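Visitor: Here's the letter readout for the chains.
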Amino acid sequence: MKTKHLERNVFIVLTTVPILMMYIYFYIYPSIRGLYMSLFSWRGLSLVNMRFIGLNNFRTLAQDRVFHTALYNNLYIFFFSSIIIFVFAFFFAVLLSRDTLREKHVYRTIFFFPVAVPMVVVGIISLSVYRQIGILNTLLEMIGLGHWQQMWFADSSLVKPSIISFLVWKVFGFYMILNLAAIQNIPNELYESAVIDGANAVQQTFKITLPLIWEVVRIQLVFFIISSFAAAFELIFSTTRGGPDRASEVLVTYLYESAFTHYKFGYGSAIGVVILIITFLIAILLLRTSKKETVEL
Amino acid sequence: MMQAAIPTDKSGLLRSKVSQEIGRNIFRLICIIYSIIIIFPFIWMFYNSFKTNFEFNQSIWALPETIRWENYVLAIDRANMGVYMLNSLLIVSVAIVLNVGLSAVISYTISRFKFWGSSLIYKLFLAGILMPRILTLIPYFFLIHELGLYNTRFSVIIALVFWGMSFAVFLLTAFFKTLPTALEESARIDGASYFKAFIYIMLPLARSGLITVTIFNFLEFWSTYILPLTLISSDSKKPVALGLMEFSSGVGVRMDYGAMFAASIMSILPLVLLFAFFQKRLISGLTAGSIKQ
Chain A
1 MKTKHLERNV FIVLTTVPIL MMYIYFYIYP SIRGLYMSLF SWRGLSLVNM
51 RFIGLNNFRT LAQDRVFHTA LYNNLYIFFF SSIIIFVFAF FFAVLLSRDT
101 LREKHVYRTI FFFPVAVPMV VVGIISLSVY RQIGILNTLL EMIGLGHWQQ
151 MWFADSSLVK PSIISFLVWK VFGFYMILNL AAIQNIPNEL YESAVIDGAN
201 AVQQTFKITL PLIWEVVRIQ LVFFIISSFA AAFELIFSTT RGGPDRASEV
251 LVTYLYESAF THYKFGYGSA IGVVILIITF LIAILLLRTS KKETVEL
Chain B
1 MMQAAIPTDK SGLLRSKVSQ EIGRNIFRLI CIIYSIIIIF PFIWMFYNSF
51 KTNFEFNQSI WALPETIRWE NYVLAIDRAN MGVYMLNSLL IVSVAIVLNV
101 GLSAVISYTI SRFKFWGSSL IYKLFLAGIL MPRILTLIPY FFLIHELGLY
151 NTRFSVIIAL VFWGMSFAVF LLTAFFKTLP TALEESARID GASYFKAFIY
201 IMLPLARSGL ITVTIFNFLE FWSTYILPLT LISSDSKKPV ALGLMEFSSG
251 VGVRMDYGAM FAASIMSILP LVLLFAFFQK RLISGLTAGS IKQ
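Protein chains in written order, with our numbering: chain A, 1 to 297; chain B, 1 to 293.
Since the hints were made in silico from the structure, they are not lab data.
As the structure is a prediction and not an experimental result, all values here were calculated from the model.
Cβ-to-Cβ under 10 Å is the rule here; a few derived chain B residues that face chain A:
id, residue
1, S35
2, V105
3, S193
No more than 25 Å apart at the CA atoms, straight line, and that leaves these computed lysine-lysine pairs for PhoX-like:
id, chain 1, residue 1, chain 2, residue 2
4, B, K114, B, K196
5, B, K17, A, K207
6, B, K177, B, K114
7, A, K4, B, K114
8, B, K17, A, K104
9, A, K104, B, K280
These stretches of chain B come out as covered by chain A in the derived footprint (C-beta under 8 Å, 3 or more residues):
id, segment
10, 218-225
11, 265-277
Quick reminder that beta carbons are idealized off the backbone N, C-alpha and C, glycines included.
The shape of chain A in the complex, shown without the other chains (with noise of 0.2 Å):
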């Protein structure tokens, strides 16, 4: 019996301790000295001239005017981006669970796609869409549409939406078809009854479908919230770097910009740190407030 509580125990700690440590020291231990870096002011790769500024980065970003309107960007992409998002994916995923359109799986399977695709790759196909003489712009030319024409990603007003229509592209497979498992797995039994109640497509559709995935979508939100800070960012980063005049910049271009081209480590932290506090304000917000509208099975 004592062997073989020893085994156990072995078996324990060399199956968690030797990884556990690597995962604290190359993930955990950066992440914390990344708050800790937001303290300090230094230029440079060497960390020797270090200096313990407090909460002045702080202060500093407070007066920064880039770094509003980086925040605004950010804010202005999160919300219509997951506004668009949500609610289509909800609508299609919706329709597509249903048996209305019998080559549905084709659709889920393109839908998905993009998925799959490099956010280079989609840098590329935007600038391509997007550029002065681009697809969008030569196919209104050929349908008569030719006063539409804009520039897309060089115009101040436009960037943003430009932005934002190639981060749905991008991102609205994977979270329609969430949703649309989260709505298979409803148990038939209670469309049923809501039939025999009377309750026609549209009663169903809120009444029973929206309430039950109100859970799935709450925490699909969530990790949308703390995956789009990347995913901006690196859509952003290929295709207009910020511009133009810093109309599309977001908070992780600006706070890589700060930090690696500029060498303003501890700004740049300091930067990092607020998107880790908006990330957090934005999770529990989501998390609480919606609390009491799901509905136990």
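Knowing the structure of chain A, use the given hints to seat chain B on it.
Guide: Leaving out everything else, chain B in the frame of chain A:
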């Protein structure tokens, strides 16, 4: 009265059927248009990858006059795409093996054994999901310098393995919890050690979960370019996504559109193949991991 009521009712039913049919076809039309918006750019890139710059600038819609592979040769030769592809294969395969292997081991233990700290370990991995990677990147950049690993492919591999671990552990612990314990217990009774029970019984059982994580890792690791952008400086060590990014941002100056499209097509070829073979599993894996939480 009765007789008059029945036909009107019937016509009402008929009208709702007709409107249903119209609604269905409107939805079908929307689906078809959106499908075209997704697929067309790839077709367009593909046939434009055979055009010379002169042809491309003449018309971005016209088909190429002849199929010429020059742009592909150019992409491999001058834009180094061949080297980038090999680097990506190396980085991605090593990172996947390490990430999936280590994640499987620790997920198994924390999902099957109750011990002091087991739930704490799980929470540490969960917290890792919330962490913005970009905040980790700055200190990691210094850590890599301190370890003397700057400008090595290994620096990227380590980050992919351990930064991606939180999500892999999250999925795999959920997966291990769904597996029956009976087989493992009987193996234990037959005298198999914990290691043997894990390797010979549990890993094969967990195969579909491991494959799901592997595919998602492949998609993510193949596409990563911010990490190598900060950690690798020599051109000969860069992976494909970074090479493509730098190539495309230089295109505006050199105007090598055909070669850029050729490079794009090459870079997504492995992903398209992966998607074609595994899209069912991708979708089912995604749904299995997300629902039972």
